[in-house]
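> Sequence:
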Amino acid sequence: VGNLLGDGRIQLSACALMYTVGREKERVVARQSVEAIVESGVIVQVIKILSGRKRPKDSSDDALNFSGPSLKYDSFPSGHTVTAFAFATILSEEYNKGWVFYPIATLVGLSRIYDDVHWASDVFVAAVIGVLIGKMNVINYDENTNFTKADRSYSLSFDTSSQTQYLSNSKISLHLPFI
210 VGNLLGDGRI QLSACALMYT VGREKERVVA RQSVEAIVES GVIVQVIKIL
260 SGRKRPKDSS DDALNFSGPS LKYDSFPSGH TVTAFAFATI LSEEYNKGWV
310 FYPIATLVGL SRIYDDVHWA SDVFVAAVIG VLIGKMNVIN YDENTNFTKA
360 DRSYSLSFDT SSQTQYLSNS KISLHLPFI
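Residue numbering for the sequence shown follows our numbering, starting at 210 and increasing by one per position.
No lab work stands behind these hints, which were simulated from the structure alone.
Computed from a predicted model, the values in this text were never measured in an experiment.
Check the hints yourself; a few may be wrong.
[Said to hold, decoys possible] Mimicking DSS-like on lysine-lysine, the simulated pairs with C-alpha atoms at most 27 Å apart in a straight line are:
{"#": "1", "residue 1": "K234", "residue 2": "K306"}
{"#": "2", "residue 1": "K257", "residue 2": "K344"}
{"#": "3", "residue 1": "K257", "residue 2": "K281"}
{"#": "4", "residue 1": "K234", "residue 2": "K263"}
{"#": "5", "residue 1": "K234", "residue 2": "K344"}
Starting from the given sequences, assemble the full structure and let the hints guide the process.
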């Protein structure tokens, strides 16, 4: 059941159903969810290729082996788990039912470990990425833009004046525009 619920195709089908039979709120939530599922899936696929980690069933004795860029080894992080947590975060935030959706996402992650296709760290990192992407989609949604990504960006600033004498009264800023 966990593997099925973590399948992006099933989640996207649920979004299509929400959009088709739902009211305006469900349509909005479906659009947010599709965006979060696709974004998290793409990000995780890039990380999988770059990390090149073997699955437990292929290398049960070496959980710390990351071979680097590889199309063959794709354990880290869990794609099923990341999309499950991204979807659960959107639904939890929009319907205030985290007690329902997060345990389902957790079941997905635990099933991946139980089936010996992911290490616990694969699932943990995927859950964190999924929650962050889901939260960013909720935070950045603006009803008035009809779900466009106009003006989406984050700014992070550090005031280093109390940190070191070499950077006295300096401010470091990082501006991250998102797709």
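> The structure should be examined with respect to each hint, and the outcome stated for every one.
Here is what the structure says about each hint:
1. K234 - K306: holds, 15 Å
2. K257 - K344: holds, 22 Å
3. K257 - K281: Given pair K257, K281 holds - Cα atoms ~10 Å apart, limit 27 Å.
4. K234 - K263: violated, 41 Å
5. K234 - K344: Holds, at roughly 17 Å.
Of the numbered hints given earlier, the model fails hint 4 alone.
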